[in-house]
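Go by the hints and put chain S onto chain B.
Going down the list, the protein sequences come from chains B and S.
Going by the working numbering, the first residue of the first sequence is number 129, and it counts up by one from there.
Going by the working numbering, the first residue of the second sequence is number 4, and it counts up by one from there.
Be a bit skeptical, because a hint or two may be false.
Claimed, not checked - Computed, partial: chain S to chain B, Cβ under 7 Å: (1) 194; (2) 195; (3) 203.
By construction, these hints were calculated from the structure, which means they are not laboratory data.
Using N, Cα and C, we set each Cβ at its ideal position, and we do this for glycine too.
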Amino acid sequence: MGIGQELVVLDVSKNYGTFKALEDINLTCKAGEFVSILGSSGSGKTTLLKVIAGFERCSSGKIFINGKDVATTPCYKRNIGMLFQNYALFPHLTVAQNIAYPLKLRKLKKEDIDKKVKKMLSLIKLDGLADRLPRQLSGGQQQRVALARAIIYNPPLLLLDEPLGALDKNLRHDMQFEIKRITHELGMTTISVTHDQEEAFSMSDKICIVSAGKIQQFDTPEKIYEQPSNRFVAEFMGTTNIIPLNNAVYEAIDGGTKVSGASPLVEGQCTIKTPLSTIKNQDPNPFFALRPEAIHLVKDGQTYDNTFKAVIDENIYLGQLVKAKAKVGNLSLNVTFSVHDFRELDLTKPVLLGFDANHTAILFE
Amino acid sequence: MSKETFSNNLYDKAKWLLLIIPLLYVVLTMGLPLLDIIKKSLISKQGFTFGFYIKAFTEPLYLSVLFSTVKIAFIVTLVCLVLAYPMAYLSVNAKTKKVRVLITAGVLIPYWVSMLVRIFAWQIILQNNGIVNQALLFIGFVKEPAKLLYTDLAVTISLVHILIPFMFLSLQNTMKQIDKNLMLASSIMGGSKFYGFTHVFLPLSKSGMLSGSIMVFVLSLGFYIAPALLGGPDNMMLSNLIEKSMTNFNWGLASALSVELLVLVYLIIAIAFKLTGNIFVKNA
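Here chain S stands alone, though its shape is the one from the complex:
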């Protein structure tokens, strides 16, 4: 055996050794509890059962929570994409450095403020005598304060606010890698700025749009604190339903719903990987 293959073997072994510590950590703190959750979701006092899953997927209330969770996550993702795209575009392409830095700072500084503080801020802004309702009343758009707080709208707004940096950073990262000469090339060949944007820039920023969307969608699906504080009792999201089942000591149902959320997230990630996988190959 040559010396080189020997040291390679040693290196391979050392690599696995290094992995063991984090692997143990993940297995002990994530894997085992997860197995316990799966076990709890399948076993009732009467023994093995699919009852909790059947309940989770047939009870109209639970189904509607699932549906509205996916709906809110979808809307949040879409709004984040639409709002973050032009900001990310400017943060990369604005002529003066001042504008570029200002936009990036504007998106990131709120991100460093505690999430709870921001959610409480939305409670104050959206309440019946909050600034939004006062403005609406002042311009005569509504006759009496509109119900904004404890609605899907409040949850959506706060989720967009909290998650938009993820979309922004993902888009910005992709856009930064687009060679500026490409747009110049398009324009010298006769393409207007708009033509260059739709035919060159937009297709090349697709991978950022996809990875940002996955991140925002997956994070919104499992969001707990914003719907708990800003959503009403009728607009629960999946994680709130899980919490409620837990406080009712219905561990089986809570576990089944948790597994449902987990599978949903993995499904989306798998689909997205399939989609982006192609894109990554194309643009690599």
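Isolated chain B (complex conformation):
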């Protein structure tokens, strides 16, 4: 079992004057989980991190670490580790002194400190650089020192603030795995604040999508992508198409609910399915999300739950894929084709496209 502890954020709100930066945030991170808080700038994600870290007091609510309420505990008594976006390495201290800082604070013996620092330096593969100053290191090296300094005292909770924001693309990829490996090995509960979807998807056990100071959805990456709970999440996560459904009828079926209704996209009945078995708010005019990759070209002998005719234009060649717009009446859908399929299309005529009811997500406002 790792050193990670459970974090529970309960009904936390934060106001700056009349501005509500956070509103009734509820979040549970199990011990050892890697959770990303994903949102655009101004969404409140950084405020949430500051409140958890203790840099800011929350206006109301509770924060439990391992069952203990720390909402009013000063930052320096919370025993949390944090990796800052700009690393915040102490410029007047060497690499070894930076990493030793939290150990010195905990009044460890000098021999123990030296031993631990040495071990940590080899873990982050910076053995020979103990006596360098931070400004003598590259960005990637600085980040590894900052990470080492944040985890050397085995904090049960690790916070990452835009951990890969300042790195170039190749380094990003390496550090992504590095951070994931180290936190996983130590079993730390990790909370990462980011605006980068790819980063959140590749690193997290769970993703918490924040917008306007509220949690929009808190779920696994797969669920968030495939079953966005509302329109904001669907539009925020990658490219999608939002399509209205009118006079919807809800019908319980095996493994979920079938919703059928009229749609400007499809002639006749449009059916979609959702794994949700009980839907409290049976909105008669909901929307559904349809990912570009769920829309297929209908070839001879293939059947889909829903089919429609569309005119293709505005295509962008991307190597293996072609991105295009499919026009149906007033609707303009984002679609993707394989290069092979696209070459065989006759773009002067409408083409027949189809999608399965399973590959959609019903959205509620």
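Chain S only, in chain B's frame:
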């Protein structure tokens, strides 16, 4: 020769051309008079002599003036540092902008008031029936007015008042460049505010402390008007002694004392550069 090196050469030459005007100005207005001072300090009616220097460094009166000048400059520097540090700290770290602006304005606005006006103000404040003595008499701290005016204390107080903006600005400038996340990093790792201050903030503000101290120390060493108006005849500073020698038409002695002050200042600057040089390399 490639075009690039040619234009580089031209640029190098133009650079020196641009320098000539200010250089001429400095040489004519500073360099030549300085040479004249050095010449005057070495030549008496009887010809070449070290007599003025020997006198400057052996006469007890002159030595005591030198000593008290350095002492006052040192105390002024120390007091400026102790007073300006917390003000500069707050002017950078106070939570509300109002407080930050207020402190900076509070330090800088007096700086824009004529120095003479401020020195006369101190004369009024410190005189026998001035506000300070009245207060001291009122609370019964003294039985008769204390002699405040025309003392080292008066000189020190006014010098601190005049020179504190230099210390403040130097400290503020350095503190502004300290990343606020550093203190947050210290505190999330378990460091109290005080621990973070002594282990992170204070060491990082060292270069500002040093450059501010040099500036204040050097400026106090050569200060003339404050000791002339607030110091007594027994508490002269070096520049007053120079002036006195000049009015006595002892140009040789005045010149020797001037050279002495100049060398002293350069010595301090050289030592300080050696010290701060290391610090600048460390924090650059």
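Evaluated hints:
1. 194: This hint holds: residue 194 of chain S lies near chain B, its Cβ roughly 5 Å from the closest one there, short of 7 Å.
2. 195: holds, 6 Å
3. 203: holds, 6 Å
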